[in-house]
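In my numbering, the protein residues as written are 248 to 606.
These are computed hints drawn from the structure, not numbers from a lab.
Any given hint could turn out to be false.
As the list claims (entries may be wrong) - Taking lysine-lysine and the BS3-like style, the derived pairs with C-alpha atoms no more than 27 Å apart in a straight line are:
1) Lys600 with Lys499
2) Lys333 with Lys428
3) Lys353 with Lys462
4) Lys428 with Lys318
5) Lys584 with Lys601
6) Lys458 with Lys584
7) Lys584 with Lys600
8) Lys522 with Lys499
9) Lys345 with Lys333
10) Lys522 with Lys584
11) Lys462 with Lys345
12) Lys318 with Lys522
13) Lys318 with Lys353
14) Lys584 with Lys462
15) Lys499 with Lys428
16) Lys458 with Lys600
17) Lys345 with Lys277
18) Lys462 with Lys333
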Amino acid sequence: MPIQTCKHATYLPILILLLSFSGTSAQTVKITNVTGNIYESETITEQLDFDGITRLAFTASSGFTGTISMKTSATGTRLVYSEHFKARSLDEAENFAKYIKLVSDKSNGVLVLRADAERGAPWQGTDQSARLEIELVLPESLGIDLQAEYFDINIQGPFTIVEVLNDYGRIRVSNVTQMLKILTENSRVNLDNIQGAIDVTTSNNMIRAQKIDTKDGMALFRNEYGVIEISRLTGVVECVTSYSAIDLRGIKLTSGRSRFVTTYGSIDAEIIELKDAELYVTDDFSNVELILPEDVEAEFDLNVERGGRIHMTGITVTSEEMGRHRLVAHTDNPESKVNVDISGIGTVSIQGKKFYGVP
Numbered sequence: 248m249p250i251q252t253c254k255h256a257t258y259l260p261i262l263i264l265l266l267s268f269s270g271t272s273a274q275t276v277k278i279t280n281v282t283g284n285i286y287e288s289e290t291i292t293e294q295l296d297f298d299g300i301t302r303l304a305f306t307a308s309s310g311f312t313g314t315i316s317m318k319t320s321a322t323g324t325r326l327v328y329s330e331h332f333k334a335r336s337l338d339e340a341e342n343f344a345k346y347i348k349l350v351s352d353k354s355n356g357v358l359v360l361r362a363d364a365e366r367g368a369p370w371q372g373t374d375q376s377a378r379l380e381i382e383l384v385l386p387e388s389l390g391i392d393l394q395a396e397y398f399d400i401n402i403q404g405p406f407t408i409v410e411v412l413n414d415y416g417r418i419r420v421s422n423v424t425q426m427l428k429i430l431t432e433n434s435r436v437n438l439d440n441i442q443g444a445i446d447v448t449t450s451n452n453m454i455r456a457q458k459i460d461t462k463d464g465m466a467l468f469r470n471e472y473g474v475i476e477i478s479r480l481t482g483v484v485e486c487v488t489s490y491s492a493i494d495l496r497g498i499k500l501t502s503g504r505s506r507f508v509t510t511y512g513s514i515d516a517e518i519i520e521l522k523d524a525e526l527y528v529t530d531d532f533s534n535v536e537l538i539l540p541e542d543v544e545a546e547f548d549l550n551v552e553r554g555g556r557i558h559m560t561g562i563t564v565t566s567e568e569m570g571r572h573r574l575v576a577h578t579d580n581p582e583s584k585v586n587v588d589i590s591g592i593g594t595v596s597i598q599g600k601k602f603y604g605v606p
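Put together the whole structure using the sequences plus the hints.
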């Protein structure tokens with residue numbers, strides 16, 4: 248089968264033919280029956296040329312599922328992939344392969360890769376399916392732009408900037424040095440060792456992050472009907488979810504305005520450092536517990552509604568206003584601000600603690 252070409256791109260069926268970025272001839276790829284109605288190709292490896300490339304843009308069609316793994320290497324780059332089909336026969340699996348193409352292009356310092364399923368792919372709308380397993384070994388400090396629905400994604404840097412658009416997958420990202428943006432629905436997000444500005448949105452699943460340093464930016468975590476868990480964060484952070492808990496450990500708020508917001512879910516936050524920062528906490532019909540350094544210097548404005556309670560221990564403060572539903576107080580030399588509001592019945596608990604080191 249000849250290679251198909253169009254302006255700025257080269258198309259090649261990636262199950263029957265071996266992808267070639269250099270324009271050389273393609274090789275036949277064998278498809279075998281694994282078990283029952285499951286078929287797969289041999290694993291294919293292609294070398295990639297990143298000379299003059301600062302950013303990778305990868306897009307996968309919604310016509311199939313799969314996994315995409317990206318990692319770095321200082322010694323070489325490559326694309327490793329295989330294709331997996333659920334089909335009624337070997338002939339049908341080989342026919343499915345004809346509808347899958349990989350497109351590559353270079354433009355203005357960007358390498359564009361696209362995995363496409365042609366319109367009318369015969370497995371769509373049936374019990375049959377197509378799945379791609381893709382691994383990219385990339386240069387260090389590359390920028391990544393990835394769009395892939397129904398794919399599980401694993402990105403291991405160091406990469407400078409990572410942007411991910413995904414639905415219904417599991418997302419893992421580690422070692423990003425400048426900026427991370429993830430926009431997804433129904434996807435679990437796991438982050439590790441991220442620096443710079445962060446903007447993560449998901450729903451109906453968990454966000455879990457650790458070793459975060461926002462530098463001069465801020466971290467924004469938005470969720471709906473999903474838990475947010477963060478450990479060891481330094482900088483400015485905003486966590487917003489609903490009908491789920493927010494759990495924070497080892498947090499250093501060193502500047503700016505941070506915010507924790509949920510409804511019908513508890514907020515538990517261990518703030519090991521609060522200096523020259525503002526913290527606003529809002530909850531509905533649940534409890535808020537903040538653990539702060541016992542020597543924190545801050546103003547406090549704590550509010551609950553009828554049936555709610557306010558507890559504050561371990562921090563020496565002077566009260567300005569103290570009632571059943573509100574406590575306004577300050578330490579001797581306040582340099583930060585803590586504001587907590589609970590609508591509906593709920594308890595605000597502020598506890599001072601001596602921290603001996605970063606967890």
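Hint-by-hint comparison with the structure:
no.: 1; hint: Lys600 with Lys499; in the structure: holds (14 Å)
no.: 2; hint: Lys333 with Lys428; in the structure: violated (33 Å)
no.: 3; hint: Lys353 with Lys462; in the structure: violated (32 Å)
no.: 4; hint: Lys428 with Lys318; in the structure: holds (18 Å)
no.: 5; hint: Lys584 with Lys601; in the structure: holds (19 Å)
no.: 6; hint: Lys458 with Lys584; in the structure: holds (24 Å)
no.: 7; hint: Lys584 with Lys600; in the structure: holds (18 Å)
no.: 8; hint: Lys522 with Lys499; in the structure: holds (8 Å)
no.: 9; hint: Lys345 with Lys333; in the structure: holds (15 Å)
no.: 10; hint: Lys522 with Lys584; in the structure: holds (9 Å)
no.: 11; hint: Lys462 with Lys345; in the structure: violated (48 Å)
no.: 12; hint: Lys318 with Lys522; in the structure: violated (37 Å)
no.: 13; hint: Lys318 with Lys353; in the structure: holds (20 Å)
no.: 14; hint: Lys584 with Lys462; in the structure: holds (21 Å)
no.: 15; hint: Lys499 with Lys428; in the structure: holds (22 Å)
no.: 16; hint: Lys458 with Lys600; in the structure: holds (22 Å)
no.: 17; hint: Lys345 with Lys277; in the structure: holds (13 Å)
no.: 18; hint: Lys462 with Lys333; in the structure: violated (47 Å)
Hints 2, 3, 11, 12 and 18, counting from the list given before, are not met by this structure.
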